[in-house]
Each structure stands twice: as C-alpha cells, then as structure tokens.
Amino acid sequence: MTSKEEWPLLEVKNLHASISTTKGNIIPVNSISYSIKPGEIVALVGESGSGKSVSALSIMRLNAPEIKYKSGSVINYKGKNLLELKEKEMRRLRGNEISMIFQDPMFSLNPVHRIGKQIAETVKLHRKVTPKEAKDIVLDLLKKVGIPDPERRMSNYPHQLSGGMRQRVMIAMALACQPTLLIADEPTTALDVTIQAQILTLIRNLQEETGISVLLITHDLGVVAEIADRVLVMYCGKIVEEGTVDELFENPLHPYTKGLMASVPELSEHSKRRLETIPGSVPNPLELPKGCNFCDRCPYASEECGEKEPVLTKASAESDRQVACWYPLGKKGEINHYAKTSNFS
Amino acid sequence: MFFKFLLRRLIYVIPTLLITTLVVFSFILLIPGDPVVALLGENATPEKIAQMREQLGLNDPILVQYGNWLLHAIHGDLGKSIFTGQPVFEAVTGRLAVTFQLVFISMLVSVGLGMFFAITSVYFPNSVMDYIARFISILGASLPNFWVAMLLVVFFSLTLNWLPATGFISITENTAGFFKTVLLPAISLGAVGMAVITRHLRSSLLEVMGADFVRTAYSKGVSRWRSIFNHGLRNAMLPVVTTIGIGFGNAIGGTVVIETIFAIPGTGQLAVNSILQRDFTMLQGVVLILIVLVIIINFITDIVYALLDPRIEY
Amino acid sequence: MSIKEVMRRFRSERLAFVSFIFLLIISIVAIFAPLITPYNPNAQNLSNILANPSFSHWMGTDNLGRDIFSRVIMGTRTAIQASLFAIIIPLSIGVPIGIIAGYLGGIIDDIFMRIVDAIIAIPGILLALGITAALGISLWNAMIAIGIVAIPQFARLARGQTLQVRTEPYVESAKISGAGPIWTMFKHIIPNISPPVLVQASVNISFAVLAETSLSFLGMGAQSPQISWGSMIQQAYSMINLNPWLIVYPGVATALTVMAGNFVGDGLRVAIDPKLKKL
Numbered sequence: 000m001t002s003k004e005e006w007p008l009l010e011v012k013n014l015h016a017s018i019s020t021t022k023g024n025i026i027p028v029n030s031i032s033y034s035i036k037p038g039e040i041v042a043l044v045g046e047s048g049s050g051k052s053v054s055a056l057s058i059m060r061l062n063a064p065e066i067k068y069k070s071g072s073v074i075n076y077k078g079k080n081l082l083e084l085k086e087k088e089m090r091r092l093r094g095n096e097i098s099m100i101f102q103d104p105m106f107s108l109n110p111v112h113r114i115g116k117q118i119a120e121t122v123k124l125h126r127k128v129t130p131k132e133a134k135d136i137v138l139d140l141l142k143k144v145g146i147p148d149p150e151r152r153m154s155n156y157p158h159q160l161s162g163g164m165r166q167r168v169m170i171a172m173a174l175a176c177q178p179t180l181l182i183a184d185e186p187t188t189a190l191d192v193t194i195q196a197q198i199l200t201l202i203r204n205l206q207e208e209t210g211i212s213v214l215l216i217t218h219d220l221g222v223v224a225e226i227a228d229r230v231l232v233m234y235c236g237k238i239v240e241e242g243t244v245d246e247l248f249e250n251p252l253h254p255y256t257k258g259l260m261a262s263v264p265e266l267s268e269h270s271k272r273r274l275e276t277i278p279g280s281v282p283n284p285l286e287l288p289k290g291c292n293f294c295d296r297c298p299y300a301s302e303e304c305g306e307k308e309p310v311l312t313k314a315s316a317e318s319d320r321q322v323a324c325w326y327p328l329g330k331k332g333e334i335n336h337y338a339k340t341s342n343f344s
Numbered sequence: 000m001f002f003k004f005l006l007r008r009l010i011y012v013i014p015t016l017l018i019t020t021l022v023v024f025s026f027i028l029l030i031p032g033d034p035v036v037a038l039l040g041e042n043a044t045p046e047k048i049a050q051m052r053e054q055l056g057l058n059d060p061i062l063v064q065y066g067n068w069l070l071h072a073i074h075g076d077l078g079k080s081i082f083t084g085q086p087v088f089e090a091v092t093g094r095l096a097v098t099f100q101l102v103f104i105s106m107l108v109s110v111g112l113g114m115f116f117a118i119t120s121v122y123f124p125n126s127v128m129d130y131i132a133r134f135i136s137i138l139g140a141s142l143p144n145f146w147v148a149m150l151l152v153v154f155f156s157l158t159l160n161w162l163p164a165t166g167f168i169s170i171t172e173n174t175a176g177f178f179k180t181v182l183l184p185a186i187s188l189g190a191v192g193m194a195v196i197t198r199h200l201r202s203s204l205l206e207v208m209g210a211d212f213v214r215t216a217y218s219k220g221v222s223r224w225r226s227i228f229n230h231g232l233r234n235a236m237l238p239v240v241t242t243i244g245i246g247f248g249n250a251i252g253g254t255v256v257i258e259t260i261f262a263i264p265g266t267g268q269l270a271v272n273s274i275l276q277r278d279f280t281m282l283q284g285v286v287l288i289l290i291v292l293v294i295i296i297n298f299i300t301d302i303v304y305a306l307l308d309p310r311i312e313y
Numbered sequence: 000m001s002i003k004e005v006m007r008r009f010r011s012e013r014l015a016f017v018s019f020i021f022l023l024i025i026s027i028v029a030i031f032a033p034l035i036t037p038y039n040p041n042a043q044n045l046s047n048i049l050a051n052p053s054f055s056h057w058m059g060t061d062n063l064g065r066d067i068f069s070r071v072i073m074g075t076r077t078a079i080q081a082s083l084f085a086i087i088i089p090l091s092i093g094v095p096i097g098i099i100a101g102y103l104g105g106i107i108d109d110i111f112m113r114i115v116d117a118i119i120a121i122p123g124i125l126l127a128l129g130i131t132a133a134l135g136i137s138l139w140n141a142m143i144a145i146g147i148v149a150i151p152q153f154a155r156l157a158r159g160q161t162l163q164v165r166t167e168p169y170v171e172s173a174k175i176s177g178a179g180p181i182w183t184m185f186k187h188i189i190p191n192i193s194p195p196v197l198v199q200a201s202v203n204i205s206f207a208v209l210a211e212t213s214l215s216f217l218g219m220g221a222q223s224p225q226i227s228w229g230s231m232i233q234q235a236y237s238m239i240n241l242n243p244w245l246i247v248y249p250g251v252a253t254a255l256t257v258m259a260g261n262f263v264g265d266g267l268r269v270a271i272d273p274k275l276k277k278l
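Protein chains in written order, with numbering that gives the first Met the number 0: chain A, 0 to 344; chain B, 0 to 313; chain C, 0 to 278.
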C-alpha cells in the first residue's frame, strides 16, 4: 500500500464523450472515472453499446472525429492528460507505451503485408534499429507469443494463418516496444472457445512476465473471472459497479452485475440452474430512461429508481467497492431489505 | 508456380482472342449486298470483281474463310491494302510505335493525376483540393475527348502559343519535341481515364481508410500520411487496377479521334483514313492489331492484380 | 424491390432528378425541334457569317451564316435518336439473350459468357467504327452500330440478375408448384432485372451521345444536311482561328447531356441500393 507501485498509471476522470446526430445527442461515455495501477489487469465489462469500446479508444485517441470530449474530461497517463497532447506526441505513445489489440484478428491485420513486416513496423516506428535487429526482435516476439516455426511464419500473409495465430500476431505487434499499458478490446470474442482459453492464458502469462498493465474490454464475465484483478461494470455509458474480481463474483451489488453473471453459462458444480438472461434490452441511447438507466429492466426497481439517478458511491467503509444503485444487493445475491418484490415473475 | 499461373491465364486468353478476331473478321459479312462491289465501287469491271473475290477467298464457306484469314494473320499476313496495295501488317506495325508512345503518356497522365487527386482528396477532406478532385471526377468522365482536345488547343496553342496544335515528333528523334507535341493529345486522351481513376480510387481509399487494419496501424503509432501510403493505398489500388486496364483499352480506342485531331500518324489515324478510303482490309488489320493489344493489356492487368493481392493463389 | 419504391427514392436524389428533368426537356425539344428553332438550321446567310451572339442570333452564326442556336436545337434530335437506338436495340436483343442464357445455365451459358466477355473487351468506339464502316457510312448505320455495341453489356447484366433470381426460394417454390418458365420469367425475372437494366439504360444515354458525336465528328455519322453536335464541332474546328467560340455551344450541349445521363445512372444506382450512397 505504500510503494509507488500503487500510484495509478492511468487515471481517467470525468471522461465524457458525445456524438451529435441529426436525431439528437448520443453520449456513449458519460462522465466516468477509474484508474489502473501498474501491473494490474482491469476489466471493463458491459453489453455492446455500453460505451466500453469508445472509452477504451479514447485512451488511444482513436475514436472517430465525430466523437467530441467534453471539457473537463481527463485521461492522465503518467501525469500527462492524453486528451491535451498534440497529435505528434500522442503518436509517440501509441504502440510504444500504450498499445492495443482488437476484436477481430481477421480484419485487424493488413491483408497485403507479411506479418513479419507488420510487427517490424511498430519497432521501426519507435526505435532506431537495423533491419537485422528488427528481424531478431520480430523472431523473438513470435516465439514469445507461441507461434511455432517463427522463421517461416514471419513471411506469411495474414490469410495464411488461423484466427488464433492472427491474434497472437496482434499481441506480438502490441508488445513489440515493451509498452506499459495494453488495451485489449474483446480479444477473444471472435475466436473459437478452445482458442479463447489459449489466448487468455497467453495474455496472463505475458502480463506476469512483463508486468504490463492491461485494460481488458469484454462483455464476457467468464473471461473476466479468468484473468482480471479488478472489474468495472459499465451500463449506458456509466460505471455502475466497481470491485475486485473476488468481491464482485462473491457478492455482486448491482442488479445488472448479477444479471450479467447469471447469463454466463457455467460448467461448475451447480450447473443445473437455468441460464437466466436479463429481461429487455439495452435502451435506445437517444431515449435513455429517466432516473436509473437500468430501472426498466431491473426486477427490484421501485418508483424512486425511475425518478432519481443513483451515483457511484462507496459501498462499504472497509473496501474500495463502489456501486451506483439505490438498493444494492446483499450477501450471496439476496435481496436487500429495501427492495420491492420482482415485477417480472 | 508463378510460371504455371501465367500459363493458365494465358490459356484463358485464347478463346477471347478467337472470339474477338471472329468478330473483326465478320465485319465483312455486314457489308450489304456484294462486299466486293461495295469495296470496289459500282463501276468495277467483272474481271476485277472476280479477281477480288478470289483474293479475299469469298467463294469459300465462312468458317474456312475465317480459318484461312486467321492462319495468315498468325504469320503476320493481314493481306494487302485495297487502296495502296501495301501489306497491311507492315503498315499497321509501322505506325504502332507512335500510337504506343501517345497511349503510354496518356496513361501516365490519367494514372498519375488520378492518384494525385484521389490521395490529396482523401488526405485533406473538405479542402479546396478535395472539391477540385470531386469536381473533376464528376465532370471529367462526361467530357467528349475531342472537345477537351479543342479547348486545350484553343487555350495552349492559339491563345498562349505554348504548344503546337498538330503534328508529332517521336521520342527517338527529339525528346523535347516529343513532349511538346505529345502533351496536348495525351492530356485529351487521358482526361476521361483520369476522372474515372480519381473517382474510383477516392471511393476505394475512403472505404479502406475506415477498415480495421488501418485502425491497427494508427494504434501502432503510424502517421496519417504513412497510413494512407503504406497501409491504405495498396489495398485501395486493387479494384482500381481493373479500372486502369479498362482505361488503357479506352485510350487505345480514343486514339482514333485524338490522332485525327492532332494529325498524329498513328494507327488511329490509319483506321479513320482507311474507312474514308473504303480500304476494308486495312481497317480489319488495324482493328485486329489494336484489339490484340487491348487483350494483352487486359492479361497484364490480370497478372498485376494477382501480384498485388497476396490472397490470390497462383 | 419494386420500381415504385426505386422511383420514390430516386426523387430524393436531387442532382439525379434534375438531370432526369433535363433529359426529359431535351427529349421534348428533340420532338418539337422544327417548331422551336427560330431559323431554318440549314438556311445560309452569307451576308451575316460568324456573327457574334446577338438578340436575333442567340449563339451567333457559323461560317455559312447559319443560326447556331437553331442548329444546336436540331442537334438534340440526333443525340436523342442515338440514345434511343442504344437503349432499344440492346433491350430487345441483349436482355432476352441474357435471360435465356441465365435461365438455361450449363454449357450454353458458359459459351455465351465467353463470347460476351470477349466482345466487351473490345473498346466500344473501335467496334462501332468497324461496324459502321462495314454497313456503310451514314448516320443511320452509325446508330445501329452504337446499338449493337451496347448489346453485350445488357446481356451480361440480364444474365447475372436472372441467375440470382432463379435461385431465390420463392422462384424455386413457384417452380415446384408448377409455374412454367414463361410465367417465371414475367412474374419474377423481368421485375427483378428492371432496376439494374434501368441504370444501364441511363448510362447508355451517355455512351450513345458520346459515340454518336465522336462518329459524326469523324465524318462517319451525320452527313450534311443532317445536324449533329459532333459534326458541328468538327466544322467549328476548321474555323477555330476565326472564332473559337463556335466549338463551345455544341460542346457544352454534348457535355451536359452526357453528364445528365451519368447522374441519372448514379442516382438510380443509389435509389436501388442505398448502401452505395456514401461513395
């Protein structure tokens, strides 16, 4: 608790991103704050449309130009506000200190360049290296991410590799300059289940080896349980719950988190239970419900929930857990005494 | 591997060659009435007509006629000009170098300027250059090439007196003279192609720049300029390669008009003259050789496409 | 998608719709040209040659004192006629060939596709030139040639659409329930190929006008006293030292008509497939 290790590497404060459309303003990210410490794996969880990808891309400043950040939004990386950097300074960070891997390795690699060349490009952009050194670095990286026969593979084109291999190449590319922060945007979603586990194991192993911080964006709590240290749950552009993985899985406080957990197929002991889903769907971002954005889908919502919006507050004195809910759930998912009975039964 | 691929594509070209040559050959069937009378005029003597029939082999069945003609054509014998008696093959190939120089420069104009406009338009969206590029890509494709030629002549030759309005000097004779004489015809010939390439490459590049792998490139720290040149362009060029191939064909067709306007002694001018002189064998020969040229270019386009796209297996 | 739906969306494509109106006006002008022209377009007036534009001669006169405006108006006839040829000939020959080949499939289709691909490879102007030369030089023959050149494109289009429609589940089920080929053709195939054929037809207006003016320019289309914008430009070119303005009027008329055809084609394409809009 005392060492400078605990000092946040990345600190996001009041990040607010909006797009104005002809039908009105959409706010994919609505004043969220969180931080990532060195060596930590933080998962940002939510359904599609929850704003998790936009908030991740704003760290890289790679959102579409239509997306505007409200003044007061801060993304501090090592004490510098990334949103205020010049494009050229930002470019020096991308791929060098902060790098990113994406959902679909099928489309994320350039189809007309050999993979060796694509990995080497990252190195050449940020380091002064001879072609020979670049090649050695590429070979080393390919070995590290578990690609067999790297000497031959580096002259392959992306279409000659399997999906899992391509994602390994993406990881190699992201780690080429030994960055301090890796943003992984749904890194396993497009892959087969067996390959998913391999890629997650690889990310975890590489994290332990290099001490890199990881921001993992996913909709899949199974993935979170696998590798994350801390979890942020996002809903409609806001963080609704935050806690360590253990705390969260032990005792979800927000009904939405509980719903997400219930909808993960589990293969453990009590797998007899029915696979539940959250009723309804993510609200239209142009017509967000008043009060708590989740109240329309929440089995425990009271009238009050539809009027006043809960803010993210500390859930207990002894831990860093936070939740944005008027009626947080009790231990073991029991309904807390305030809550009304379900109106979905 | 690549050689085999080349061979396979080459075999694919053969039916195209056969069909197009058959089309060219069957022009003669379209001549209303007795083709020989049509060729020689109403006043020709019966002996002359009979001799012509024999020379053209018109007494044989049509497929035999075609076979014979093709066999001769393969050996470089396209018959003799009805008008001058000169061997057609020599007449055409003698003028081919001129046309080739003109078409080559015009393609440089259309590909070079087309790429320039498309790239600057994508790099500077909503800038003056972007609007110019969009304007050109809409307008250029609709302008008749002979009209563009005249506007250029009025401006650069008659008003400014910078470049000659007619004539042609081969590059082998005088380089400066070549560029002076070739510039206006090449621009007139390449204008349409330039517009089409600008339009096609621009839309293709815009689409590619929104692709995931370009976002990956940005995430590596690549600059916008580099992302266009290193990552976007080669992908965006793929569909445009075909457009360039078609543009080549159109430019070869366009020489018929442009060479007439600028009095350039190439194959296009030869084609027009032979029609006006009712020199049908000559016309057949010119059209045949030009079409073979177009087919060769299409073949090269195919190969270039395969070389540019690693996803195509040889 | 129904033609009605396409038309509704087409109307919201402003540039294309204006171009369509322009073509409509040109067509009406072409029909009533002799009533519109202020002068006999071929009447010479050697006392008033190469006159500048004035109130009595809006676009001036040419080297024989003929009224340019009247000649440009008469030129619409030739241009529109060529366009009609370039639509009607391929529509009545190319489309049926394409439908039959696509419907029958198999070896007939293979052979047909080879032939069509080969002919499409020949630059249109060369093919038109060759056919005109063989048929004999006249405006009529030039227009026939232009029509013939357009056949393969229509055939290929019709074939592609037929192939696509043929495998649609509703056509398959119609076949199973005993619908004959003629019924299928009229009920399903013709309505489905209409939109893309419409696009091709409007683009062909551009091609026809360009080809007609080019051939007339080379002296292989309109013969005096027939009037074409192409031959007007050619005549104006010989006077270019005396009055360069003469090439402007017929040239602008040609360019505008060609452009209008292209715009209508683009607009229709977007109306049929709204995804193309962004490009």
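To be clear, the hints were calculated from the coordinates, so they are not data collected in a lab.
Every residue, glycine too, gets a C-beta built ideally from N, C-alpha and C.
Check before you lean on any hint, since a few could be wrong.
[As the list claims (entries may be wrong)] Covered stretches of chain B (chain C as the covering partner; in silico rule of three or more C-beta atoms under 8 angstroms from a C-beta of chain C): (1) 243-257; (2) 288-301.
[As the list claims (entries may be wrong)] With a Cα cut of at most 35 angstroms, we get these calculated DSBU-like pairs of lysine-lysine: (3) A:77 - A:127; (4) A:131 - B:3; (5) A:22 - A:77; (6) B:47 - A:134; (7) A:134 - A:123; (8) A:22 - C:3; (9) A:85 - A:123; (10) A:67 - A:134; (11) A:143 - A:123; (12) A:289 - A:313; (13) B:3 - A:116; (14) A:67 - A:123.
[Said to hold, decoys possible] To spell it out: a stretch of chain B is covered by chain C in this simulated footprint if at least three of its residues, at any positions, have a beta carbon under 8 angstroms from a beta carbon of chain C; those stretches are: (15) 19-27; (16) 131-144; (17) 148-158.
Each hint, compared with the structure:
no., hint, result
1, 243-257, "holds (count 7)"
2, 288-301, "holds (count 5)"
3, A:77 - A:127, "holds, 24 angstroms"
4, A:131 - B:3, "holds, 34 angstroms"
5, A:22 - A:77, "violated, 38 angstroms"
6, B:47 - A:134, "violated, 78 angstroms"
7, A:134 - A:123, "holds, 10 angstroms"
8, A:22 - C:3, "holds, 28 angstroms"
9, A:85 - A:123, "holds, 21 angstroms"
10, A:67 - A:134, "violated, 40 angstroms"
11, A:143 - A:123, "holds, 19 angstroms"
12, A:289 - A:313, "holds, 23 angstroms"
13, B:3 - A:116, "holds, 28 angstroms"
14, A:67 - A:123, "holds, 32 angstroms"
15, 19-27, "holds (count 5)"
16, 131-144, "holds (count 7)"
17, 148-158, "holds (count 5)"
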